[in-house]
Amino acid sequence: MEEEYNQANCMEHGNEDEHKIEVVGESTNPEGDKSSSEEPPQSEPEQKDAAKQSSKIPHSAESQPEEPKDEDNSERKGNLLTSIGSLLKGANQLVRTLIILAVVALVAWGIIAWQQRAKHKKVVRTITQTVVEVKKIKEFCTANYYEETVVSATRKKFMKSEDLAIIAKGTVRVGFDLSKMTTLLTSDTSIVITLPPPMVLDVITNPSDFETFQEDGHWDHKEVTTYKNLARSMILSHAKADGIMEDAEEYGIEKMTELFHRVGMKQVTVHVKKPEPARVESGVPFQGGALTVPEKQDAAI
Amino acid sequence: MKRSIFWLLPMVLLLSCTGCKKEEQNIKYKIKKAELGTVEYTVRQIIRNSDESWKFFGDRKVLFSVKATLKAGIDLDKLSEEDIEVRGSQIKITLPQPEIVALNIKPDDIKLAYSKVSALRTEYSQKEIDEILTAGERSIREDESLRSSIVDDAKANAREFFEILLRASGYNDIEVAFEDE
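As they're listed, the protein sequences go chains A and B. The C-terminal position of the first sequence is numbered 303 in the working numbering, with every residue numbered one higher than the one before it. The C-terminal position of the second sequence is numbered 378 in the working numbering, with every residue numbered one higher than the one before it.
There's no promise every hint is true.
Below, a sample of chain B positions facing chain A; criterion: calculated Cβ distance under 10 Å [as the list claims (entries may be wrong)]:
1) Y226
2) V263
3) K264
4) I307
5) E334
In the BS3-like style, the derived pairs of lysine-lysine whose C-alpha atoms are separated by at most 27 Å in a straight line are [said to hold, decoys possible]:
6) K227/B / K242/A
7) K303/B / K242/A
8) K171/A / K225/B
9) K242/A / K225/B
10) K159/A / K324/B
11) K138/A / K275/B
12) K258/B / K224/A
13) K275/B / K182/A
Calculated from the structure, these hints are not laboratory results. Cβ coordinates follow ideal geometry from the N, Cα and C atoms, glycine included.
One chain only, chain A, in its complex shape (with noise of 0.2 Å):
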């Protein structure tokens, strides 16, 4: 009967493991050992049958009583329902739990593989350019002058304070004119060149010349853009104060002569014009600038 009972209820479940689980408990019953300890001794011919009943019952059930009573088997059933309930409840949250995880790494997963997928399309495109301008030019650049400088600013915002601070590299070419400059072939091998006064070509600070180091909230393209002509106006002056206008006009000198001797003169005289105003208005003559050359004995090749 209790085989019966048992594979019945196994059936009615659907888990012969829980059922096996139940059993090998049942098998330690203290209550179930009492039972059998409270049974009558049994006669020989019943004790044969017994024997015989009991070769047929499984080894875990040999233990039980041959006929429990019926409020044993209630209670025992109640008990392996409620556990079982309990041990499906417990898997049912388990795998509810399991799934939500699932989930949950699911979305953080495609959140990530969204973002990065984002991040290359990210891209800056460019339309291509278009010369607007060409113009043919005669710039002589004698010198070059490069500062690494620091620009920054702070403003007031709701009761706290914002700082920019960008770093600027800058470049200032300076050099001469050519397209003004003059010449006079004295002789067969000597010449007077005139050159016009050096003057500022370019001062180049690019977007890659400049780095924030520094910026709280949100400053706007017009203001960056005053404190980057700020920086670009200092190195100008840095420039002009370290003498890079000197600099420039005795390299062109320097380098003139070196050309006009390299193309066979032997004597070559350069003057740099002085910047105009003051003398002009003046009247006082020109004067400065000269450089007389000596003669170059091996300059003709």
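We have chain A already, so just place chain B on it with the hints.
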């Protein structure tokens, strides 16, 4: 415990002071050059950026109009005595290959033409704008067709300049050549 705090405090103060030390001196130097610029190109460029990340929260787009100036010419420091041959009234000068001597994009020549940032997105930071503009600058530098065009013009103008200069120096038969030609 008190002892450790006693030693820890001056250490922390010392470290914090060295961390905020300001470098006041600017880096600067001068270089002598001999570059003969013979051509100048003015280039207009549109740089656009569309930020696709976090698109779920809205758009973030920016468009700049940039004017750049390129100058190309000859580096006369590379001209050696062997590059000039004089035979009576004949002269042959071999110039080095022209190169781009200056690329100049002034801050005033960078115009913010269009910008759209939706409410849920942050504004473009200055660092991001620097990156976008630097990419634009790089594209000008790496434009091979632009480079070859400006170098060709620089070559033609340099040839013309030296012919005039050498004629003024008394030479009738002038040949201007370039290295690797």
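Status of the hints after comparison with the structure:
| no. | hint | result |
| --- | --- | --- |
| 1 | Y226 | holds, 5 Å |
| 2 | V263 | holds, 8 Å |
| 3 | K264 | holds, 8 Å |
| 4 | I307 | holds, 7 Å |
| 5 | E334 | holds, 5 Å |
| 6 | K227/B / K242/A | holds, 11 Å |
| 7 | K303/B / K242/A | holds, 19 Å |
| 8 | K171/A / K225/B | holds, 9 Å |
| 9 | K242/A / K225/B | holds, 12 Å |
| 10 | K159/A / K324/B | holds, 21 Å |
| 11 | K138/A / K275/B | holds, 22 Å |
| 12 | K258/B / K224/A | holds, 18 Å |
| 13 | K275/B / K182/A | holds, 24 Å |
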